[in-house]
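Colleague: Please build the complex by placing chain B on the supplied structure of chain A, with the hints as guidance.
Below are the chains, spelled out letter by letter.
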Amino acid sequence: MLLFKWFLYFAQRPLGGMLTSMKKDDIVHLAGLARIRLSDSELDEYAKELPAILEYVQDVSEVAADEKDQAPELTPRFNVFRQDEVTNKPDQFTADILAEMPHTEGRYMKVKKIIDQSS
Amino acid sequence: MNKENKIQKSTILDLRAKFVAGDFTPTDAVAEAFKTIEEKDGSIHAFLAVYEDAKAEAKAATKAYANSETENKPLLGVPIAIKNNILIKGKKATAGSKMLENYTAVYNATIVERLKNAGAIIVGATNMDEFAMGGSTENSAFGVTKNPVDETRVPGGSSGGSAAAVAMGAVPMAIGTDTGGSIRQPASYCGIVGFKPTYGAVPRYGIIAMGSSLDQAGPLTNTVADAELIHNVISGLDEKDATTIVPDTYREVEVKKKNVFGVPRSFLQSGVDASILETFENHIKLLKEAGHEVVDIELPFFEKGLSAYYIVMPAEVSSNLARFDGMRYGHSADGNDLLDVYEKSRAEGFGEEVKRRILLGTYVLSSGYYDAYYGKAELVRKKMRQELAEVFAKVDIILTPTTPTPAFKFGEQSDALAMYKQDVFTVPVNLTGVPALTFPMGNVAEGEIELPVGVQYIAPHGGEDRLFALGKEMYDSKLDS
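Sequence order for the protein chains is A and B. Position one of the first sequence corresponds to residue 61 (the numbering used here), numbered consecutively onward. Position one of the second sequence corresponds to residue 89 (the numbering used here), numbered consecutively onward.
Next up, chain A with everything else stripped away, as it sits in the complex (with noise of 0.2 Å):
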């Protein structure tokens, strides 16, 4: 079975705490959804900084939505189309973009095993 665990234990879990009180164990958690590791003095900063800077902007939770803002945007939004055609020669940029990876074996960047087969 293909299973991806740490994605569904993030996803399953809820965030907690209150905007002015963040726990130690709420950093850990964003820490995880933002892919990062902190060290126990970042949590902890973290930890007092974030509720801090969080309860600054909550002025914007003043602000209520009227008719006006039904109006369409001022700034023009369209799409852009360009030919489906090929820009570049075959090969042009791979030895390049390949010396930058981390880990290759050939023309293939290598990453570690994302497949489960135990669960």
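Among the hints, erroneous ones may be present.
[Stated by the list, open to error] Computed footprint of chain B on chain A, listed as stretches where at least three residues anywhere in the stretch have a Cβ under 8 Å from a Cβ of chain B:
1. 82-91
2. 106-120
3. 140-153
4. 159-171
In short, the hints are calculated from the structure, not lab data. Computed from a predicted model, the values in this text were never measured in an experiment. Cβ coordinates follow ideal geometry from the N, Cα and C atoms, glycine included.
Modeller: This is chain B only, laid out in the frame that chain A set:
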């Protein structure tokens, strides 16, 4: 004594005139740029890299002048410095981060291509806050940049290296990027001109993304005329950037002799230094003397701009920086499994401020909080645009100081939130996508030292020409030549 530095305070037009006359050549200019870097950059640290191949390009440009092959090359032989989040083929593009310490660009950014086609000679890459996040260049993974005006102070940021490179006289022009003030604030701190174009005016192909609904690239120069010249070279539709606009996207913004300037009085109460307000009032007097009208305006939603910005920007940051996963390029840590590689690579590659913003962005976009934060911030943004349309029906330019304080000392703004408040007047411009120009409006005394402070002119969308015309009138024409 060394002979006088010909690049310091020099304009591109001056240099070109000298190049055409032949008494000072691009070879001399690039040699002088290198000499200045050698003499001053050990201490200032504006540059992350200096490109030796500039010398060969300078030689070719010198030959082109000798043969009068200068057509369609408005920047021929002029040295330029480029912020290190902009891709130059074959050169390291670090974005000031350990994550990209060894990353070599595979292609040129569109603006690099255009600058090269115009004949500019890229002499080096400039230091910056990591991934353009910060207002002091203290967040660079490769050490701080010092302000050439007073080396105990920050040059501003995130384009602090670009501002310092121009201010120390190494180059007459540099390119920066501006997501919430990152061109205008360092320009103000270093006493030079900075310009943030209309959203979509300048292609971002090949520029490392931070906040994609906010980012724009623009010039840092000694004069407004030079900023205009560079903007005209780098702007324009690019099929590789779908957000670029054509000149008639917005209603024409007329260039007039007499303009109405609007001053958002209550907005100016947001913690602005008294000395800056005094210099600002003096600038208003100069505008009136020049025959312009200055009126008071209200921008209540602009006052919420900083809050909206510190929701929208981290949200976009957390998405844009998800690509740095240790797989295809950039820093890669060893790990037990895929998740371990991701988490360790990002832990080691990103600095403190970048992590802070990714976490904030992840939070405001997470299920249950999205509407309360991101949804509301986008609503504020919409109301800001409406507010702006109403105000620009009555005034031609909105006038503010560029920053609430002059350049601060290293380590002085140690609290993240205090640092963010430096952006109060610049972020509304990015949130609404309008263009803005900053140039020095005077000096304020801080103890023994005089520090430059900038004034900000904000125009409607597509109002570049109005800003350049007014900037030339109120700044360039008053410079001693």
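Colleague: All hints are to be evaluated individually against the structure, with a verdict given for each.
Modeller: Going down the list of hints, with the structure as the test:
Note: the segment 82-91 of chain A has 3 residues with beta-carbon separation from chain B under 8 Å; the three-residue rule is met and the coverage holds. With a cut-off of 8 Å between beta carbons, the segment 106-120 of chain A has 11 residues touching chain B; three or more are needed, and the interface restraint holds. Residues of the segment 140-153 of chain A lying with their CB closer than 8 Å to a CB of chain B number 3, which satisfies the three-residue condition for coverage. Under the rule that three or more residues need a Cβ within less than 8 Å of chain B, the assignment of the segment 159-171 of chain A holds, with 7 such residues.
Violated hints are absent here; each numbered hint is respected by the structure.
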